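Whenever a hint applies, use it, and build me the whole structure from the sequences.
So you can see what is in the structure, the chains are spelled out below.
Number of protein chains: 2
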Amino acid sequence: MADPAAPVRQLRGKPLTDFLKRVQRADVDLVFVLQDMQDPVNVGSAFRIADACGVRRMILTGITTCPPHALIKKVGRGRERRVPWEYTQDAAEAVESLRRDGYRVTAVEITAAALPYDAASYGERVALVVGHEDHGVTNRTLAACDQTVFLPMHGKGASLNVHVGLGIVAYHVLSAAGRLP
Amino acid sequence: MADPAAPVRQLRGKPLTDFLKRVQRADVDLVFVLQDMQDPVNVGSAFRIADACGVRRMILTGITTCPPHALIKKVGRGRERRVPWEYTQDAAEAVESLRRDGYRVTAVEITAAALPYDAASYGERVALVVGHEDHGVTNRTLAACDQTVFLPMHGKGASLNVHVGLGIVAYHVLSAAGRLP
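The listed protein sequences correspond, in order, to chains A and B. Start counting the first sequence at 1; every next residue gets the next number (the working numbering). Start counting the second sequence at 1; every next residue gets the next number (the working numbering).
In short, the hints are calculated from the structure, not lab data. Any given hint might turn out to be false.
Unchecked claim - With a straight-line Cα cutoff of 25 angstroms, these simulated DSS-like cross-link-like pairs (lysine-lysine) come out: (1) K74(A) - K14(A); (2) K74(A) - K14(B); (3) K156(B) - K156(A); (4) K74(B) - K14(B).
Nothing here was measured: the structure is a model prediction, and the numbers come from that model.
Structure (structure tokens):
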């Protein structure tokens, strides 16, 4: 796919659009659940990441800040109008409904039973749950999920920003789905 | 490592610290280069990601906003005091210096020769270069790098926020280094 003889220059405009179309991969049936994501900057970023990952649906629950919101629009580059989303009050109910629809539901949170995110199996229909900026995914929501994964931390901090963690896990899911066996 | 019998509850406080220590992996010699990253929110987030990834050194170049800065401190959770960093005016010179020190230098940018980020080899000593929020990594910097990688985009947008892209590539590098052959 890469052309080693090509000049090392940024692509812009139509060559960029053409390039991105050419390298799109097989679809993964991917859903995001935002449980109590209060900060509209995180919600906007989640929409931008969701668009980049080809997410089918976002479910916003609890006290998650919903569109329309000026910061969601700004940070999300208007992607909240592209990615289908809905609001459900109760995150555990949203998770149970996804499981009834055949999704394997994975929460990104640190629990004693959590697997490293890159050692887990996400299934064919993948739902990822992330939580509140300070309080994470609640124990009630965790109890409804199929599994929990975490991101190893190599420094002094105990966490990444929630939208960064979501992006890392979501891209890993896409990468693992596209990897040759 | 995961204990399937453990209750699915968040870890907090000392159990969390103990858990994170237990799951830290082998060190990767990883360096970030921020070329002209103007927005202090992105710089702060890059510091937080750098700490999470155990980055050895960050090199801030050109018009990158440097610490001390209130927003870098807030978004970075003070990690700019943990992660060693330095300022170099010229990004291409910083890249050449890293290459002389044995680093394989990878720019995150879309060029005709770019590889999917999860299909590239990053070497033993890994340097990742990211660029300006709007203008990306300059052609002059790209010409100094060993290779360029990109993140596949599955939606309508052509890019992710630069700190999100950096987090995804950096965690992929750590994951690939820790993966069993």
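Hint check:
| no. | hint | in the structure |
| --- | --- | --- |
| 1 | K74(A) - K14(A) | 24 angstroms, holds |
| 2 | K74(A) - K14(B) | 38 angstroms, violated |
| 3 | K156(B) - K156(A) | 37 angstroms, violated |
| 4 | K74(B) - K14(B) | 24 angstroms, holds |
Of the numbered hints given earlier, the model fails hints 2, 3; all others are met.
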